[in-house]
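These protein sequence lines map, in sequence, to chains A and B. Here the first sequence is numbered in the numbering used here, starting from 1 and rising by one per residue. Here the second sequence is numbered in the numbering used here, starting from 87 and rising by one per residue.
Quick caveat, the hints were computed from the structure, so don't treat them as lab data. Hints are not guaranteed to be accurate.
Unchecked claim - No farther apart than 30 Å at their CA atoms in a straight line, the calculated lysine-lysine pairs in the DSBU-like style are these: (1) K240/B / K84/A; (2) K151/B / K17/A; (3) K240/B / K151/B.
Said to hold, decoys possible - Restraint ranges, calculated between C-beta atoms of paired labels, are given here: (4) D402/B / A21/A: 46 to 56 Å; (5) N461/B / A65/A: 26 to 36 Å; (6) E78/A / R438/B: 18 to 28 Å; (7) T333/B / D35/A: 45 to 55 Å; (8) D35/A / E145/B: 36 to 46 Å; (9) D35/A / R305/B: 40 to 50 Å; (10) Q439/B / K17/A: 49 to 59 Å; (11) V79/A / D469/B: 53 to 63 Å; (12) E372/B / E41/A: 16 to 26 Å.
Said to hold, decoys possible - Calculated from the model, a selection of chain B residues having no Cβ within reach of chain A, i.e. all distances over 12 Å: (13) Q211; (14) R438; (15) Q466.
C-beta atoms are modelled at their ideal positions from N, C-alpha and C, and glycine is treated no differently.
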Amino acid sequence: MHTVADDVYAIIARHAKLEAAQITPATPLDALSIDSLAMVEIIFQIEEHFNITIPDDKRIAERFANFRTPADVVAAVEVLLAQKTA
Amino acid sequence: MTGVRIAVTGVGCISSLGRDYRRFADALFRGDCGIGAITRFDTARCSITTAAEVQGYDERDHFEKERAARLDRFAQFAVVATREAVAAAGLRFDGRLSERTAIVHGTGVGGHTTLDFSYHRLYAQNAARLHPFTVPKLMFSSAVSHISLDLGIKGPAFAIASACASSGHAMAVGAMMIRSGLADVVLTGGAEACLTLGTMKGWEELRVMAHDTCRPFSRDRGGMVLGEGAATLVLEPFEHAQARGATILAELAGIGMSSDAHHLVAPSAEGAERAMRAALEDAGLEPRCVDYINAHGTGTQQNDATESAAIHQVFDGRARHLPVSSSKAQFGHLLGGAAAMESAAVLAALDRQMAPPTINFLGPDPDCDVDCVPNQARPQRIDVAMSNSVAFGGLNATMIFRRHA
Chain A
1 MHTVADDVYA
11 IIARHAKLEA
21 AQITPATPLD
31 ALSIDSLAMV
41 EIIFQIEEHF
51 NITIPDDKRI
61 AERFANFRTP
71 ADVVAAVEVL
81 LAQKTA
Chain B
87 MTGVRIAVTG
97 VGCISSLGRD
107 YRRFADALFR
117 GDCGIGAITR
127 FDTARCSITT
137 AAEVQGYDER
147 DHFEKERAAR
157 LDRFAQFAVV
167 ATREAVAAAG
177 LRFDGRLSER
187 TAIVHGTGVG
197 GHTTLDFSYH
207 RLYAQNAARL
217 HPFTVPKLMF
227 SSAVSHISLD
237 LGIKGPAFAI
247 ASACASSGHA
257 MAVGAMMIRS
267 GLADVVLTGG
277 AEACLTLGTM
287 KGWEELRVMA
297 HDTCRPFSRD
307 RGGMVLGEGA
317 ATLVLEPFEH
327 AQARGATILA
337 ELAGIGMSSD
347 AHHLVAPSAE
357 GAERAMRAAL
367 EDAGLEPRCV
377 DYINAHGTGT
387 QQNDATESAA
397 IHQVFDGRAR
407 HLPVSSSKAQ
417 FGHLLGGAAA
427 MESAAVLAAL
437 DRQMAPPTIN
447 FLGPDPDCDV
457 DCVPNQARPQ
467 RIDVAMSNSV
477 AFGGLNATMI
487 FRRHA
């Protein structure tokens with residue numbers, strides 16, 4: 001079945017120049033050479049793809065702190081999707 | 087360095103801190119904050135709703151109605167600031183001086199207000215036609231053309247764009263024109279006025295914007311805040327200024343430029359360091375001669391840490407005790423106009439012998455180990471002062487000004 005994780009991994013994989021199958025839930029995004037600019041692009045593409053808005057943290061140091069691994073990103077997207085349909 | 091010393095004989099500016107240089111300098115040292123809720127456009131669709139807008143500006147105070155309609159807001163600010171600078175310098179451009187005067191002005195995005203407004207009409211409102219002045223208003227060089235028209239200047243005139251270092255590069259090119267003998271007077275600086283929904287939505291997506299206010303070098307800083315305005319400096323060779331009995335406000339002693347070849351938006355300490363070193367070498371000064379730095383200090387996580395590291399590289403053990411403040415906490419980030427506006431702050435610091443503060447400071451950040459003159463201006467001896475500009479795309483410019491006693 002096509003899952004949220006599949007789509008998120010595909011978006012991350014495109015930026016990391018990897019195959020989606022090579023992305024594991026716990027691989028640190030740092031280790032995939034995803035810097036803050038790439039993260040901003042990933043967030044944008046996820047927002048567009050799922051039609052959600054990932055809020056911008058007021059504290060700049062925390063802005064990407066909740067997105068350390070692909071699993072973190074999937075979890076955040078699932079919460080936002082659930083809020084959208086609620 | 088060449089044998090020609092460059093005098094600054096006039097300065098004019100308009101920003102959220104005031105619509106002329108004197109009011110700007112008073113507000114700067116008082117520690118006023120020009121950042122507030124955006125009124126220029128409806129922010130209902132924005133997560134960022136603050137900026138440093140020019141307050142109380144009415145174009146009719148400065149331009150006839152037909153003329154105002156032909157000037158984008160950024161070009162209006164450029165003309166207003168330049169008129170003030172020229173009046174302060176006591177210059178009249180008649181006869182040969184008109185042809186021996188150059189205009190080199192910087193802007194990051196030019197007539198963006200015109201562009202945004204026009205395209206909204208075209209795409210959203212399905213307007214059948216755009217105003218015939220759309221193109222001449224949005225040109226990056228429109229500010230320069232209007233300064234030329236306004237003052238009757240017939241020498242070399244052009245705009246320079248290098249994002250947030252645009253007016254730094256403009257001043258550097260202006261200095262080179264004086265040194266080379268290409269011009270006897272150069273009107274240089276920069277302007278920006280791009281507070282539109284389109285601009286703000288673009289900046290929001292970079293996730294580098296502060297939600298409340300700008301807190302350079304501070305712990306818990308939230309990012310940058312956009313500003314608007316313009317500043318112009320009058321440059322001329324010392325001999326030229328002295329021969330006509332002009333008051334010399336300061337000397338533009340050194341210029342330094344570099345590029346990073348590193349990253350489109352992430353700054354490089356090494357690039358900023360090379361710009362500072364180049365300016366020192368150009369001025370023939372040792373790092374120990376510098377008494378004050380007006381930093382680029384955008385208030386983003388990366389800029390302030392990287393710039394602090396670069397300052398430590400150049401100034402070694404002195405960095406911790408060298409006053410380094412960012413005026414962007416007061417008048418926001420003027421993008422292409424920032425370097426010129428911040429040079430106006432440096433000229434005020436040299437004049438009043440006082441380091442401007444970094445306001446909105448909550449406490450130190452270990453990644454920004456500099457003396458940022460927190461929250462209150464500080465009286466001190468300032469003979470030599472530096473202004474840094476570190477632009478997106480890795481384009482850097484540093485100016486060094488020296489007090490003229």
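Each hint tested on the structure:
1. With a CA separation close to 61 Å, the supplied pair K240/B and K84/A exceeds the 30 Å bound.
2. Taken as a hint, the K151/B and K17/A pair is broken in the structure, with Cα atoms around 56 Å apart against an allowance of 30 Å.
3. Taking the CA atoms of K240/B and K151/B, the gap is near 25 Å; set against the 30 Å cutoff, the hint holds.
4. For the pair D402/B and A21/A, the beta carbons lie near 50 Å from each other, so the given range of 46 to 56 Å is met.
5. At about 28 Å, the CB distance of N461/B to A65/A agrees with the hint of 26 to 36 Å.
6. For the pair E78/A and R438/B, the supplied restraint of 18 to 28 Å is violated, since their beta-carbon distance comes to about 57 Å.
7. Taking 45 to 55 Å as the suggested C-beta distance range, the pair T333/B and D35/A conforms, at roughly 50 Å.
8. Separated by about 43 Å at the C-beta atoms, D35/A and E145/B satisfy the suggested range of 36 to 46 Å.
9. The beta-carbon spacing between D35/A and R305/B, approximately 23 Å, falls outside the hinted interval of 40 to 50 Å.
10. Look at Q439/B against K17/A: about 55 Å separates their beta carbons, and that is inside 49 to 59 Å.
11. For the hinted restraint 53 to 63 Å between V79/A and D469/B, the CB-CB distance of approximately 58 Å keeps it satisfied.
12. Restraint check, E372/B to E41/A: a C-beta distance of roughly 44 Å breaks the suggested window 16 to 26 Å.
13. The beta carbon of Q211/B is kept farther than 12 Å from every beta carbon of chain A, the shortest such distance being approximately 25 Å.
14. No beta-carbon of chain A comes within 12 Å of the beta-carbon of R438/B; the shortest separation is about 33 Å.
15. Look at Q466/B: its CB is around 31 Å from the nearest CB on chain A, clear of 12 Å, so calling it non-interface holds up.
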